[in-house]
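Once you've looked at the hints, dock chain B against the given chain A.
Each protein sequence line maps, in turn, to chains A and B.
Sequential numbering of the first sequence, starting at 1, is according to full-length UniProt numbering.
Sequential numbering of the second sequence, starting at 1, is according to full-length UniProt numbering.
Take these hints with a grain of salt, some might be off.
Mimicking SDA-like on lysine to any residue, the simulated pairs with C-alpha atoms at most 25 Å apart in a straight line are [unchecked claim]:
#: 1; chain 1: A; residue 1: Lys237; chain 2: B; residue 2: Glu279
#: 2; chain 1: A; residue 1: Lys237; chain 2: A; residue 2: Pro124
#: 3; chain 1: A; residue 1: Lys86; chain 2: A; residue 2: Leu117
#: 4; chain 1: A; residue 1: Lys237; chain 2: A; residue 2: Ala130
#: 5; chain 1: A; residue 1: Lys298; chain 2: B; residue 2: Ile257
#: 6; chain 1: A; residue 1: Lys157; chain 2: B; residue 2: Tyr259
#: 7; chain 1: B; residue 1: Lys142; chain 2: A; residue 2: Leu87
No lab work stands behind these hints, which were simulated from the structure alone.
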Amino acid sequence: MDEEPERAKRWEGGYERTWEVLKEDESGSLRATVEDILFQAKRKRVFESHGQVRLGMMRHLYVVIDSSRTMEDQDLKPNRLTSTLKLMEYFVEEYFDQNPISQIGIITTKNKRAEKLTDLAGNPKKHIAAMKKAVNSMCVGEPSLYNALNIAMQTLKHMPGHTSREILVIFSSLTTCDPANIYDLIKTLKALKIRVSVIGLSAEVRVCTVLTRETGGNYNVILDESHFKELLMYHVKPPPASSSSECSLIRMGFPQHIIASLSDQDAKPSFSMSHLESSDGGPGLTLGGYYCPQCRAKYTELPVECKVCGLTLVSAPHLARSFHHLFPLDAFQEHPLEEHKGDRCAYTIKVFTCPACSSVFCTDCDLFIHDTLHCCPSCIHRQGTS
Amino acid sequence: MASEDEISLLVIVVDVNPIWWGQHAQREPEFTLSKCLDAVMVMANSHLVMTRSNKLAIIASHCQESHFLYPSKHWKAGDVTGDDASSGSGDGKYELLSVANDLIAEEIRNLMARTQVKGHQTDTLLAGSLAKALCYIHRISKELDAGQDMKSRILVVKAAEDCALQYMNFMNVIFAAQKQNVLIDACVLDSDSGLLQQACDITGGLYLRIPQKTALVQYLLWVFLPDADQRSQLVLPPPVHVDYRAACFCHRNLIEIGYVCSVCLSIFCNFSPICTTCETAFKIPLPQMMKPKKKKLKAAN
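One chain only, chain A, in its complex shape (with noise of 0.2 Å):
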């Protein structure tokens, strides 16, 4: 294609004397240094916030899995698919946790095809469900980038503006056979704004670099287990929303929940309509759950897109979910030890200030705050105060 900026290959740079990295303390043991380490990782990943940037909250995102033949290979324990899909899992558990109003969906390619495991859907159990069944599937032949992408296709380019439409593909194999030029394609998806992101297993593959890169999405490789988890959490957060989506008001419905209990002589036992399309088991029948306020359908679980007049009907505190996304935290100033105790804390080597409360936190506080609880423990008394 066009020149593109070539970076240096890791093998053409100088020579780099990792073990230097490494520092003994007095013990002889490297513990610290070890810790030290995987603890400035865990922060660079909690900490990249993006500033002032609006970002894509709906988003409808779909995940191709590769299932060729180099899926059934061992390095990843017990064999990548394996593994790939237990990860998948714990991703789709976090994603639906961190975007309560957004979508997946779950493309599968081998043998030259690609077919669709689950549809785009905002329930994480059907999700998971598949995946579970997926284990036992046959990795065999190679895998089609073309149909893959071409089927998230054509179910995105419905989608409308105001969502961010993300493709993340797993791509294990050094192959792709497609029918048709791909490049072809990676201009209407850049036309389409869909932004494709690819984690590969193996090495990195050309057309991948230039497809990521056309689109604008992130392109790694994985180095170990641990790794893989942690490329995959990084497309859990909100991507910053590009400049041509659109922002429009979304009507949407507040159900009540109603719990009917036997004594109630008005409640009626009756179907919902996410168990007429299902064949879970269970009779299905429940007294109580959550009409849609337009048509009075009945519905068990939320968020949901009502199938009879089309309202999205979600609860207040999904929308809470994502506030934090919006008001995020600022990064602690990091100082040493200067203070032996600090706010109900433990002892520790470096200790974190807030900057705009300056009270005293310790290395665990920080990151369970961070990450977990998202405001900052004294600044809310402050804020009664004021």
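Only chain B this time, still in chain A's reference frame:
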């Protein structure tokens, strides 16, 4: 039966807002803060006595700060010896319980004496105390030996009303608790609290508004003492109906169908061309323009 390796940690967050308690003491003099704390101490002792490996923490939630009543920084585990005249009580009570009770009483006295109350707000900063409780639980779970697992829950004894400013922090804390599998139970003394109802619903805990405050001890022991595994075998108060409808940002009304801005997720009840929170202009869906069909002029004119 809980195995030896399972530790159950109970964190009790007590609302000691002095303004609310002061006003309440004038209305009902027979239920004061000391009676409430007595009931909490009975509950704490019962929890410690249930299983040897149970752990406890008590946080007092004041207007401007939250303070750990137990365990306290000033108390070291080695101090529990009998030669100090005040700590060894003569009635044969289990040492740990008598020391704990004395500590709690002393800490709460110090807390109430030293805090200068500014302002007249009657709401307490519960979100901050819950955040501290979660950090404490996180730390204790890191300090466990391998092979031990810990179940934790937080019991909130709430007196004053909700503070609406804390909504976002409160929701962050609730989601963090849900992620850590920590139950939040609520025992509400006076007025119903929507935030705590949501917290109990999301984390799977129990919410109870007490009809008679003087019987606080009974409610605490009957309803909140059993832990999560045993609750399925007891007949406990039924779950309350939680109103999850969102409030619109313009009028603060509860709405069933609303419009959500895709950038900042603020909720409006009517369509408006500009979002008031993030000031983005929205694309208004216009009806499609039809080309005007040229009408053939009839030859009648």
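Hint by hint, here is what the structure shows:
no.: 1; hint: A:Lys237 x B:Glu279; verdict: 24 Å, holds
no.: 2; hint: A:Lys237 x A:Pro124; verdict: 17 Å, holds
no.: 3; hint: A:Lys86 x A:Leu117; verdict: 16 Å, holds
no.: 4; hint: A:Lys237 x A:Ala130; verdict: 24 Å, holds
no.: 5; hint: A:Lys298 x B:Ile257; verdict: 16 Å, holds
no.: 6; hint: A:Lys157 x B:Tyr259; verdict: 24 Å, holds
no.: 7; hint: B:Lys142 x A:Leu87; verdict: 24 Å, holds
Hint compliance for this structure: no hint is broken.
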